[in-house]
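Participant: Here the structure of chain W is known, so what remains is to put chain Y in place on it, guided by the hints.
Line by line, the protein sequences give chains W and Y.
Residue 3 is where the first sequence starts when you use my numbering, and the numbers rise one by one after that.
Residue 51 is where the second sequence starts when you use my numbering, and the numbers rise one by one after that.
To be clear, the hints were calculated from the coordinates, so they are not data collected in a lab.
Incorrect hints may appear among the rest.
With a cut-off of at most 16 Å between alpha-carbon atoms, the simulated EDC-like pairs for lysine to aspartate or glutamate come out as follows [what the hints assert, rightly or not]:
hint: 1; chain 1: Y; residue 1: Lys500; chain 2: Y; residue 2: Glu433
hint: 2; chain 1: Y; residue 1: Lys392; chain 2: Y; residue 2: Asp330
hint: 3; chain 1: W; residue 1: Lys139; chain 2: W; residue 2: Asp157
hint: 4; chain 1: Y; residue 1: Lys64; chain 2: W; residue 2: Asp202
hint: 5; chain 1: Y; residue 1: Lys64; chain 2: W; residue 2: Glu130
hint: 6; chain 1: W; residue 1: Lys168; chain 2: W; residue 2: Asp202
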Amino acid sequence: MTTPTAINKTPPIEQKTFDKHVSNTGAALNDTMIEVSSLNFSIKNNAILKNLSFSVAAGEVYALLGGNGAGKSTTLKTLLGFNKPTQGSVKVAGKEVTQALDFVRGKTAYLPESATLYPHLTARENVEYFLSLADIKKSDEQINAAFNRVALQRDAWDRHMQTYSKGMRQKTAIALAILREAPIFLLDEPTSGLDPVAIDEFNQLVRELALTGATILMVTHDVYGACQVANRIGLLKNGELVGEYDAPQSGRIDTEQVHAAFGHHANRGA
Amino acid sequence: MSINNFSKVVIVAKDEWRYWLRSKLAMTVLAIGLVLTVASVIVTAITMMELSHTRHELQATSDKSFVDQPDRHPHRMVHYGHYAFRTPSPLSTLDPGIDAYTGNSIFLEGHRQNSAMFADSRQGTALTKLGSLTPAFIVQTLAPLLLILIGYSGISRERESQTLSYLLSQGTSGATLIAGKGLALLSVVALILTPLTISALFTLGSGEGLLAVASFVLGYALYLIVWVLLILLASSVFSKNSGSFTALAFVWILLCIVMPRVASTTASTAVSSAGKIETDFAVKAELRKLGDGHNTNDPAFKQFKQSLLNKYNVSSIDELPVNFRGLVASESEAKLTSVLNKFAEQRMQAELKQTQVSRYFGWVSPMVAIRSLSMIVVGTSIETHHRFLRETEQLRFDFVQGLNKVHVEKLSYQDDMNRNADTAATQKARVSAQNWQILQDFTFNVDSSKARAQRSIPAFLQLLLWIAVLLGGIKFVGRRLL
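Next up, chain W with everything else stripped away, as it sits in the complex:
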């Protein structure tokens, strides 16, 4: 088991197309966008999160890794303001979540484990609906461009989503996040249930988003997938951060090392 290391700045990543994702918040690449400090969360005296601290910077992909019941989804829900911390601080884009809920939710794109969206609507109608709720107006061309960027097949754009696979639904949700210009992505088990091709496509998409300056926090129990896509990995066990691993200059984390720390809870994924 590794002792958690305090890391304020992420390792540098290749800055190809750093764009408006970060500029939207006034933040610069490597600025801390998510900061969790000494977070405790309990339900009826049952501690779910214990003194949890980590941070994620703009342009970084951070994978919070853990088994079932480790507290991964609870952490995401706390970042979204669905859970009120018992103790500690949770800041998103520099603001305390509990005090600036609307601001925080306006900056984050959350993808639940099963991002079903609305099955009775087409991908385009789904996107338009959520954008209209956020009072964001985008032309058909801009929506098409977002669909193209996430590699959603053209013939699916105007098809009801009840015919979509999970991978296609996730692409639609990410296209929506891109159109919302959300600088922060919170992904809950994003590759769970995807086939290997879809996982590769998704990981590629996540890396591309990070290169544009997006802040990405994903929770997963897939050690292998996390090591492929993340700049850093935090290991969560029984609500405690028991280890953090950085990607070296190669950009890849040693899967075996994390796997060993993860122990028998590990899942090699696809």
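Facilitator: Just chain Y now, with coordinates in the frame of chain W:
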């Protein structure tokens, strides 16, 4: 510029409509609801208009039949009797209320108070006795069910498909989402109420008061708002569509089917009233003490006879300047009516108390509240029926006593006593048919719309309390929606 909350509410409501339009079940339910409402409004309006026309005609025929009678002995006309018809209030086309059970006409004759008759429910076949598909029944009973069928999954569907957390995470608040779903359901309420409102507005042309029409439409709107809020609350509380639907179906059965019957049973148990046979025996016993008004020698009239002899300072009834038989009939009718009225008042007071007890159940069942409100406002409540009974009884008493007065003043005692001697004597014991003109025109009007609206205030308060409590519940749940 950030989008305001109301715009978000409208966007959510529009999307809910889009979901309904693409869902076969929702569209089927909506279509059935609208067709039923429109059809029932049309059919009931035609039926009631025909009924109103028929009653007007029958009243005129009955009046004419009475005054067209030839010269007769006045007491034969007392027993010939007369019909009084109640013309329905214009709004009763939408809610026949208790008229369907109490009857709409009454046969008026001497020495007895008849019950109202020709109730629709008694005239039909066994199947129609189960009740008609009136607009009131559809909106009170079926409309909540239709609203449940299209609205039960409003919020729980979002939760079940995880779009709820997705929506909330993007800055749409739980309150906005619930309000949007509520707005969509309210638009369905508006659709359901449109035929009812148009029909209600048409009654203005038939003399109905604006206040009554406004109270009627507002009452039903509040009632359906209660159901919209119940649906939103259940859908917000339950995590599964099945849970929401089961809970709402149970609530519908409880509030629309069980509670009205519990209210009636409790009312009849809490306020006991004598049964018809028991009352008839009691009335007969009282009447026996009064003596037989047809028999001038009945000991019961001994004192009356003596007082008359004293009054006119004569020694025998033959010397009286007026017809003693007529006076006895008049005296007997007055006493008999007093006894009958006492029992009738007791019965009506018991019915009123039972109704009041039943109406208290409006605090626990919006169905009971709207049923009371509707009948009161349209003028088909127990109060209106009692007024009809009192007015027709006054009409009966006046016309019987009018005939008795003719008996007293236009027919001599001697001719009267000899009436069965021979044909000529019988002819001589008749009075002119001109005397039948004593019959007063009878037109029954329901209470003023202001009086009806005032009487319906408790039911309005019951519905408003339901709305306040449910809004509180939804506000509480909305803050914790996830």
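Participant: State for each hint whether it applies.
Facilitator: Each hint tested on the structure:
1. Lys500/Y - Glu433/Y: holds (15 Å)
2. Lys392/Y - Asp330/Y: Satisfied, since the Cα-Cα distance of roughly 13 Å is no more than 16 Å.
3. Lys139/W - Asp157/W: violated (23 Å)
4. Lys64/Y - Asp202/W: violated (38 Å)
5. Lys64/Y - Glu130/W: This hinted pair holds, its Cα atoms lying about 13 Å apart.
6. Lys168/W - Asp202/W: holds (14 Å)
Of the numbered hints given earlier, the model fails hints 3 and 4; all others are met.
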